[in-house]
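**Student:** Single-letter residue listing:
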Amino acid sequence: MASLNLLIGVCLAYGAFLFLVAFGAERAALRGRSGWLRSPAVYTLSLSIYCTAWTFYGAVGYAARSGLEYLTIYIGPTLVMIGWFWALRKIVRIGRSQRITSVADLISSRFGKSNLLAVAVTLIAVVGTTPYIALQLQSVTQSFAVFAAADPSARMGDETRTTALWVAMGLAAFTVLFGTRNLDANERHHGVVMAIAVEAVVKLCALLAVGIYVVWGLGGGVAETLARIDASPRLGQWHVSAGRWSGLIFLAAAAFLCLPRMFQVLVVENEDERHLRTASWAFPTYVMLMSLFVMPIAVAGLTMLPRGANPDMFVLTLPLSQGQTGLAVFSFIGGFSSATSMVIVAAIALSTMVSNHIVMPIWLKLEPGRGAVVSGDVRNVVITARRISIVAVLFLGYLYYRLSGGGAALAAIGLISFSGVAQFLPAMIGGIFWRGAARSGAMTGLAVGFAIWLWCLFLPSFGEGVVIPAQVMQHGPFGLSWLRPYAFFGIEGLDPLVHGVLWSILINTSLFVGISIFSFPSPMERLQGAQFVNVFQHSASPRGWEGGTAQSEDLMVMAQRLLGAREAQLLFQREAARQGVQGYLPEPTGEFLQVLERELSGSVGAATAHAMVGQIVGRTAVSVEDLMAVADETAQIMEYSSQLEAKSTELTRTARQLRLANEKLTQLSVQKDAFLSQISHELRTPMTSIRSFSEILRDADDLGEAQKARYAQVIHDEALRLTRLLDDLLDLSVLENGQVNLNLARVRLRDVLDHAVAASGADRGEMVLHRNPVQEDVWIETDSDRLAQVFINLIANARKYCDADLPELRISLRREGGLMMVDFIDNGSGIETGQQGMIFEKFSRIGEQKAGGAGLGLAICREIMARLGGAISYLPGQGGAAFRVVLPQERAIAAR
Amino acid sequence: MGKSVLVIEDEPNIIEAISFILSRDGWRVASHSNGVDAVEAVEHRKPDLVILDVMLPGRSGYDILRELRARADTDQLPVLMLTARGQTRDRVLAEEIGASRFMSKPFSNAEVLEAVNALIAP
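Listed in order, the protein sequences are those of chains A and B.
Using the numbering used here, you'd call the opening residue of the first sequence number 8 and step up by one each time.
Using the numbering used here, you'd call the opening residue of the second sequence number 188 and step up by one each time.
Simulated from the structure, these hints should not be mistaken for lab results.
Please note that the accuracy of each hint is not assured.
[Said to hold, decoys possible] Straight-line Cα separation of at most 35 Å, DSBU-like style, residue types lysine-lysine; simulated pairs:
id	chain 1	residue 1	chain 2	residue 2
1	A	K807	A	K654
2	A	K715	B	K190
3	A	K671	A	K654
4	A	K807	A	K715
5	B	K233	A	K372
6	B	K190	B	K233
Put together the whole structure using the sequences plus the hints.
**Tutor:** Set out below in structure tokens:
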């Protein structure tokens, strides 16, 4: 007999195994070895979170109560998958091109990035998903209870509740760990998806194992089993209520598209659109296998188990009653898998919505003006918000479980949840197929549909008389009999579920369509509408920003907070390169801002990203809309005008780039001109002191010894300065003419840095140095003297020019894409954006002339790095002055 | 009571050299080493003569001279300009603005002495 302790042990071991799977997958993804993570098989298996504990246990119960009707739950999604080309492909394409993070994001983004709509969808999703999570907790608890009943040594009482609580807490921990590890711009969770795929295999195998045992072990083969089904009084009959069947099929299909967790795996976690093609036949096959043995198990349970046994638990109680403990435990693990995978994904999906659409907008409001740029790390806020949301969502599920008493049949709760999220369907499908769909229509339809659902389905689900008094159920509120929850407008005799779904969806759709027709969508909505409906024609992004006053550096600071420094720098560099601009700061063109906004929306959602970019660009969406409204009579005109606009911006940009090039040329020619005069100045200054003091020594005969020695010292120092200057000039001219000989040798980077730190005197304690000796343990083949010369220059500059009270210099190393990067970042006030382009020019000095520098150091560094096959650049937006030295990898070999 | 001179120059060694030469000649020497508030320094010290470097941190010597010439109390103040550039157009510019005398670096000590004494001769 399986003791409860054994069962708990198995659960814990299984949980630990999933941890390992998720952890391994994350590691593999991090190392870029994620080929097999991105296979269509994993995608298909992850879709199987559609088959929750409700399917695993509940389908048999459903079959035992209502015969073949359970099939409707599978037919709906199967139809959607088979017809993938029609709707799913479009949703996935939109999701990918617009970087949609959730179903709320999709609807809000479509209807003009409306945050109000996002909040509404989020709230409905939370309310609609809560019963479903409760359902999973209930099924796990029930399955524990089944084992407890069979275990004489265990006492089961209050412990059922404790079980649910423990399960909820365990799931919260797992989800927080793997669902919020990193704020990925694509919102993908490799670890979680992998764990779910594994669970999908486990639950399928478990159900098949029970089925095979029932048919061949107990039933004596296929023929006999079929005969027994025929003989069964309830299952043998083929009674189909056309209304209820089509209603249920519709509901399941709608839920498949609208459930937040399904949206998460279908769209958000989708790595490749082509996976849909595989899933379109593989997923129906999976579902078919899941449903294959439902009838045999149900019939065996009805005939072999005592009357009154809970049909929802046949999958467990059948093997147990036959003493097949091992099989029962396997079956239990299958049910456990179904429940946990659903809860994990649902919690991730909901927490993304809550944090992006409720927490972040509030947080942004609370920090007006400075939100995006100055205040602390936004990533931490987002991640904390998600973690709290996950815990809250699971707690809500637990609360519903406690309140509803865990009484109602599994299938009933599941259907109520389905019909709640099905309210998204009109706005979603209308949004992607109909350009006339308007925000006000979507909002009203959703709100009213949701209210009807609450009244007719959700509140009565707690049980008669719990929330809605029995009297109201009978006669309607305030005596308004046409508002009776089960008989709207006095139409009686309908199945309560069909009744609720019919009315809520019907009224929702009518309001959505009606109000959309009679309202005029705002320009932003029309733009987004065109983008969504014609996603296959133009995969360009929606226009939102036109260049102007945006400060690229501020944008960089914000982007680094949200995307992480590395991602942000890569993005900015890529965009800059695309525009043909050197360095890290692209022109804030409309195009660039859109790319940026879309990247950011991966982290915080479309509406928030729009608001954040708006804060920095100094414009809000309103003025963009105003601008657009001028050219907004029909969508066609607008598309045409936006093309024209693109052309004219391009012209403006070309002109701007020409002007910049011209400015730079003028600047260079002025500099060239100034070059001689500069050299003259740099040479004459020390010579002045030398001449003057040597004349004093020559002419004045009354000098004391100390005075003589001092003046001789001045002459000596100035002569050295002169020599140094001439050396620098010669060095530069040699480097510029390419006549330099490199002494290539293998050296350890740490040694080069150690040498540079000592030579520049930075080890004397006036400046705090942060280094990472382990990182620096890299062997490279280079000219170590030349490289050290560059490092010395950068460190010495930091010593001279860092104006912080407690100067600090951070030297960090990174290898990336064939290059090795050494960053030198101090905590001073850095270099102004306008001057960043000039600092590598000869004789350019920033600010005051200090410590006798001639302004040649960085020019020499640039030449040296070019000779060494690398580069040196200024890294904006790091808080202080920041220089990046890039070395080529061909010569860099990692320490073994 | 010797005459007073204000040396506006940012190289400490050059300040020291000029101070030495002039104080041996009986001048009271003060110095100021940045351009930003050089005019205020002149207002404050009211020297009999100013030695002004062209390349100063914060503000160019030409700008300072322009402002001195624009003020009623300093428009006649003798100013000896020093420059390390030594090109003709620097000299022309200095004379246009109203420098009393222009000298390029490196200078000979005797030349400086001769120049300052000539400038305050009645």
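**Student:** Each hint: holds or not?
**Tutor:** Now for the hints, and whether the structure bears them out:
Under the criterion of a C-alpha separation no larger than 35 Å, the hint pairing K807/A with K654/A is inconsistent with the structure, at around 48 Å. Taken as a hint, the K715/A and K190/B pair is honoured in the structure, with Cα atoms around 27 Å apart against an allowance of 35 Å. Between K671/A and K654/A, the direct Cα distance comes to roughly 25 Å. Compliance with the 35 Å bound is thereby established for this hinted pair. For a cut-off of 35 Å, the pair hint linking K807/A to K715/A stands: about 31 Å separates their Cα positions.
With a C-alpha separation of about 58 Å, the suggested pairing of K233/B with K372/A is violated against the 35 Å cut-off. Pair hint K190/B plus K233/B holds up; C-alpha atoms about 11 Å apart against a cutoff of 35 Å.
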